[in-house]
Each structure stands twice: as structure tokens, then as C-alpha cells.
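Peer 1: Sequence:
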Amino acid sequence: MGVTDDDDLKNLRFETVARQAPLADLLRVHDWEYLNDLKHRCQEAKKHRGKTWLDPPGHPRDTLVSPESYTVAVRGAGAVCLAVDRVVKGEVRNAFVPLRPPGHHAGPSGLVYSDDGCPTESQGFCLINHVAVGAAYARYNYRGTIERIAIVDFDVHNGNGTAAIVRNLVPHKHTRMISSETSVTMPSYKPWLDETDAENVFFASLHLSAEDFYPRLAVKECCRFGEPEFGLNHEGASDDPAYPNVLSIPMHKTQTVEESSRLFRSLVDSRLINRLRSFRPDLIMISAGFDGHTEDAEGNRGWCHLLEEDYEWITDRLCEVAAEHSRGRIVSVLEGGYHVPQRRGRKGDFDTKAVLSSALATSCAAHVRSLVKG
Numbered sequence: 001m002g003v004t005d006d007d008d009l010k011n012l013r014f015e016t017v018a019r020q021a022p023l024a025d026l027l028r029v030h031d032w033e034y035l036n037d038l039k040h041r042c043q044e045a046k047k048h049r050g051k052t053w054l055d056p057p058g059h060p061r062d063t064l065v066s067p068e069s070y071t072v073a074v075r076g077a078g079a080v081c082l083a084v085d086r087v088v089k090g091e092v093r094n095a096f097v098p099l100r101p102p103g104h105h106a107g108p109s110g111l112v113y114s115d116d117g118c119p120t121e122s123q124g125f126c127l128i129n130h131v132a133v134g135a136a137y138a139r140y141n142y143r144g145t146i147e148r149i150a151i152v153d154f155d156v157h158n159g160n161g162t163a164a165i166v167r168n169l170v171p172h173k174h175t176r177m178i179s180s181e182t183s184v185t186m187p188s189y190k191p192w193l194d195e196t197d198a199e200n201v202f203f204a205s206l207h208l209s210a211e212d213f214y215p216r217l218a219v220k221e222c223c224r225f226g227e228p229e230f231g232l233n234h235e236g237a238s239d240d241p242a243y244p245n246v247l248s249i250p251m252h253k254t255q256t257v258e259e260s261s262r263l264f265r266s267l268v269d270s271r272l273i274n275r276l277r278s279f280r281p282d283l284i285m286i287s288a289g290f291d292g293h294t295e296d297a298e299g300n301r302g303w304c305h306l307l308e309e310d311y312e313w314i315t316d317r318l319c320e321v322a323a324e325h326s327r328g329r330i331v332s333v334l335e336g337g338y339h340v341p342q343r344r345g346r347k348g349d350f351d352t353k354a355v356l357s358s359a360l361a362t363s364c365a366a367h368v369r370s371l372v373k374g
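Under UniProt numbering, residues 1 to 374 are what the sequence shown spells out, in order.
Any given hint could turn out to be false.
To be verified - With a straight-line Cα cutoff of 25 Å, these simulated PhoX-like cross-link-like pairs (lysine-lysine) come out:
| no. | residue 1 | residue 2 |
| --- | --- | --- |
| 1 | 373 | 89 |
| 2 | 39 | 190 |
| 3 | 51 | 39 |
| 4 | 373 | 10 |
| 5 | 373 | 253 |
| 6 | 190 | 173 |
These are calculated hints, taken from the structure and not from any lab test.
The task is simple: from the sequences and hints, build the whole structure.
Peer 2: Listed below in C-alpha cells is the structure:
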């Protein structure tokens, strides 16, 4: 919170205590089997030196859990629901929830599956999809005030988990591989409120897209970047007639700050803002990932070069839409962002000045600065 020491951020309201989200709020977006397995894995971690893999054997592994991971993730979801309460009740105009672990790669059953029933990737450090839990909570609990909800994700990685959850608002059948040679097809549907959910929930993901970049594409995402094809399985299915409110906006690799900024802003203006205005949201939820920053090579592998000014700019644009259609209501949730300087000095000490000037910290500050103005 030290990044808020700037004069224009000193009057922020802070809340540091949130309840765990009740099971019913989690079950609007996640399967009970997944939540039960996640809780069990965390309990099992006590027997394995305090950590164990969440990703199943035989699949890419990057997501470790500890004995308290489930509790922390569920409390994070509760914090997002609390932010929704504060914003929708008019106590604050907007809110930013900086939490860990992130959530936008977690689908209904954790791993996101492709049309052939195989997991597409690992869970990308994600346990509970906080932004989806918050959006579903808002639609269910504030049905007289909040009808239309937009979720905008500008993390450098595709929000494939959130896309899968929003697609699950439409009754459909999905295939799961239960062995190397056997699959089973089952119905799938998770309404948040009623049968009008799909037409009243909008999701857009603006992200770097490449066959060698997480989450890797099972098929080519677009003919020309920014102009999607139909029916693109786990990547979010841009403009798929079956899911018209799920929009994937891919960016290609760039080499300079100028090139990244120009592409990013062009796609926001040409592909996102008009669609968002046409949707007329009552509430905007943001998956705010800052791993596209030029200094965050851990997050973007040196293929994206955005700056704090770009994150402040897109937040300004979203605030404009919120002012027009949503009475300014925005709830933003932290996703990716990994540029934090290494420890130095005696064990446990950080260079506080360096930490507060890290790309993650300064990007968060720029984002919050825009929300304050908004």
C-alpha cells in the first residue's frame, strides 16, 4: 500500500479484513468436485513438506498449493464480493482488490478443457476465479440494480478460465477424456441467476497470443491479429455465434514500447470500447493484470512492452464507459504482475524503495490513480 503515498492517492479508503466467500457463491462458477478436490489437496500438502501440485500428473505443472491456499483463495473471493457490496450500495464509486493468488485461468473445474476433452494447459497459479465469483455474486444478489455485467481482462495472458465460466452460462455438452482412449460427453450449465444470464454478461480478453505463449493455442487464433475466426475452443471464441458476448482480442509479439503501446491502444479503441458501450453495462469488473509491462519479462517473456501510462489510459477509457452507463461502478481485481525486485541485505529485508518502484507497484498505482479520477 506504500504506492498510495502520492498526494493524489492519500484519501483512499482501505479495508483489509474480508470474510471467506460462502460455498454457494463459489458454486455459481466452480464445480463442487473441483472445490472439494482443491480443499483436499491443500490438506494433503501438510504431508508433503507443506506443498503439493494442484495440476494432475501427466499435464503441465506450475500451480503449487500449501495447507492454507484454499482458505486464502476463498477469502480473496470474499474480498471481491465485499468490494461489490461497497460499490453497488453506493458507499464508494469504484474499488480495486489487490489479491493473490490470481484467478482468471481457473475455469469451472479448475483446468480449462478444449473441445476434444483434453486439458489445454496448467492452471497458471490460479485456484478460484475471483472476478467471476464477484460478477456472479453481483448479478444474483443485486438483481434489481445490476442486470448487465461486463468483465474486461487486460492481463497479458488470455483469461481462458473466465471465458470458460461465461460460456458455461449457455447450456451445452462438453467432452472429458477419462483415459487415453476413452471419453465421456456430459451436459454442462451453471447459471448465475436465470436463463437470461448469457445475454446479460459480457467478457472481453485483450492479451498477447502466440503458439508458444501461455495459454498455448490448440488452433490458430486468428487470420490476422485483431480479426478473429469463429469457434476457437479454449481461447475464448471471439465472435462465436453461440457466445456473442465472449470477445477475444489477441495482440502479436512486439519489440518496442512504442509498438506495444500503439497496438494496445488501437485494439482497445477499435475492438473493445464500442462493443462495451453497445452492451451498456450496469457494472464493470476488471481483471487487471500488469504482466504486459516492458520490465516484466517473467510475465511476458520480453514480447510485450507496455508502460504504466498504457494501464492508466485503458483504465481512463473504462471509467468513461462506466460514467456513461454504470453510474461509475467499477470493481477491479488484480491478476498477473510479477516484477518485484529480489531480496537483498539481511534475510527477510527488502529494498523498500526498489519494491515501491517496481513495475507491478507503479502499474497498480497508475491504475488506482485513474480510478480515483474516474
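Peer 1: To test your reading of the hints: which numbers does this structure violate?
Peer 2: Per hint list: single violation, 5.
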